[in-house]
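Participant: Could you slot chain B onto chain A? The hints should help.
Going down the list, the sequences are from chains A and B.
Take 155 as the starting number for the first sequence in my numbering and just add one per residue.
Take 4 as the starting number for the second sequence in my numbering and just add one per residue.
No lab work stands behind these hints, which were simulated from the structure alone.
Since the structure is predicted, the reported quantities are computational estimates derived from the model, not experimental observations.
Watch out, some of these pointers could steer you wrong.
What the hints assert, rightly or not - The calculated lysine-lysine pairs, modelled on DSBU-like cross-linking and capped at a C-alpha distance of 30 Å, are:
#	chain 1	residue 1	chain 2	residue 2
1	B	K5	A	K377
2	A	K377	B	K116
3	B	K267	B	K247
4	B	K8	B	K157
5	B	K8	B	K60
6	A	K377	B	K68
7	A	K363	B	K137
8	B	K214	B	K68
9	A	K363	B	K116
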Amino acid sequence: MRNIILLAANTVKVTFRKKSNYIVYFVLPVLGLVLSMGMHSDIGTRLLTIGIINMDGGVISNDIIDTLGNMEDFEVVNTESASIDNLLLDDKLSCAMIFPEDYTENIIGGNPGKIEIVTVKGKDTTIWLENYIKMYTENIYMLARASGGQKEVFDRLYEGYRGQALRLETARVDDQAKDRSITLTSLGFLIMFVMIGTGNTAEIILRDKRNRTYYRICSAPVKPREYVLSNAVTNIVIVLVQICASIVMMRWVFKINTYVADWQMVVVLGCFGLVAIGLGMVIVAFARSSYEAGAASTLVITPTCMLGGCFWSAEFMPDIMQKISYIIPQRWALDAVKTLQKGAAFNDIALNLGVLLAFAAVFFAIAAYRFSITEDAGRFI
Amino acid sequence: MKMVKIVELTKKYGDVIAVDNISLEIDVGEIFGLLGPNGAGKSTTINMITGLLSMDKGSIWVMGKDARNSTNEIKRNIGIVPQDVGIYEDLTSLENVMFFASLYGLRGSELKKRAIEALEFTGLTEHINNFPRKFSGGMKRRLNIACAIAHRPKLIIMDEPTVGIDAQSRKHILQSVQMLNEMGSTIIYTSHYMEEVEEICTRVAIMDYGKIIAEGTQKELMSIITDQNSVWVSISGEADRIDKTELMEIPGVISVEIDDNTVKINNSNNINNLDRIIHYFTEKDIPIKNIENKTPDLETVFLTLTGRKLRD
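The following block holds chain A by itself, in its conformation from the complex (with noise of 0.2 Å):
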């Protein structure tokens, strides 16, 4: 024990006597957040923009999207089918609302047909809109039936409605979704820097072994396996720091409020960290040199952190691509975090935390497993 204290002190001794390092371990994270900050640049409008698609042009669809228009914290933006994926992908808009043909004409009939809600960052974003809406239609769809499907007296009735001017209590409403979209997003990049430093602490040990001292520390009553030990305790150590200063950043200094309780935080991003640690191993375990556990880091962390969700959404991708992200660690941990933005209690992420631990695991057992075969120190020599 006290030489794997004494290797890891003194692995972080000799990283951080490198200032290139702290830019790496610390600022490279904390412009990651600043940089998801820029992509989502409207963050003081607040406004939930909705596009629309009215393919009734009635006076009942008229009428609820003028309504929307007029409040306060809705912006109303006319838009095109064919550009509606992109527009929500890009953040133009919040969500979609699609009014179907001859809408005004089948809620008069007594068949209301269905608008249709289109977003991608969840339910939260909607569901006062998809309230206000079914409580709107109910109101209209009643002065149909009183209407008993004539025209003209539906006419007269729906005059008297809209001359009643709805009256509608109004409140500020936050659009969390797109705080909790910031949130993912800086977490993506979080996790993406996090890999990228446990890769760097992993591949001390071949720097170790490229300049001969992991040859001495071997030639000391030191076993290798303790000295790679001493390595993994380095970058847990290192991870659960950066973890923790970048939450701090993230709460204190760009005022994100991230919706999940910190200590949640730090154990989901910290059982992450574990998995990025057993994947270092591994590249380190069985790369030759540097050089090349350089390039497999690259080809494995850029990959995955795209097919993970860490740029943008995994709910984005086609449906094979998501169906696949399931087997990438980051998915899981970008989904534990959005489990519990919504509200769910910890014990709902048992399985994300389980399976994180599961791919740490089978990580560490593969490092374990190379290590052990090349452990005499003599490949080194």
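Facilitator: Using the frame of chain A, we list chain B on its own:
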């Protein structure tokens, strides 16, 4: 009790036999030289003694302990100076020595005291708080030694500790080796510089292709070639005009080696052929600057035993 006892030791890398069934005994208090060209198996042997490499066959006993079972106990009493400098460039000299010494169980004020002593011993006192990245090759090698001796090991293994350094640092290191020996450490010194081995070692083993081809004191090794003498002919250039085969045809010539403008000719003691050797040069009109009759050295021993130069 022997400091090191090696019995029928073998190590293979695939089909290549790096160490081939060697046996060796090193006494307490010796400076034991392991001489051989690059790839002879010296470092492999050392790495098996220190437990860094596994043995395929045979056994090693260090201070009476089996190297297979008591690796850590043995390591605690060994200080190894690796062939390549193994230090942290981002730690100061003192931090380097303290870190490596701490791995041998030293701690607190004793650790610092021993580290400073080791740096004084290697002449690095003035550079105690300097970073090795600014050091010359010789200074780095001295720090390499300081890192190996701070825990006062009973056995110090130096694997080619003077490769690529200036004459002054080399002299300092050789003096240090002798002083460490006087202070009670047994030294195993590997080199392919026979001058160094001749200067400091009490006993020598010559290795080639994984085998020990000769072992003993320098005197004992020289006795292998008592029937030979060596004539060194210094010429002023035109060494390319010398045909080794023609020289070998002179009766009594055993081997010929051309080193810059010096022709080194090993002769049988039984035949006086100096006049014919001189005749060879005068006939070819190659001016002779000097002729020396040299006592055979370890290089000659190696050349005689293997037909190759140590640094081939």
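Participant: Run through the hints listed earlier and report the numbers of any the structure violates, in increasing order.
Facilitator: Going through the list in order, the structure violates no hint and respects every one.
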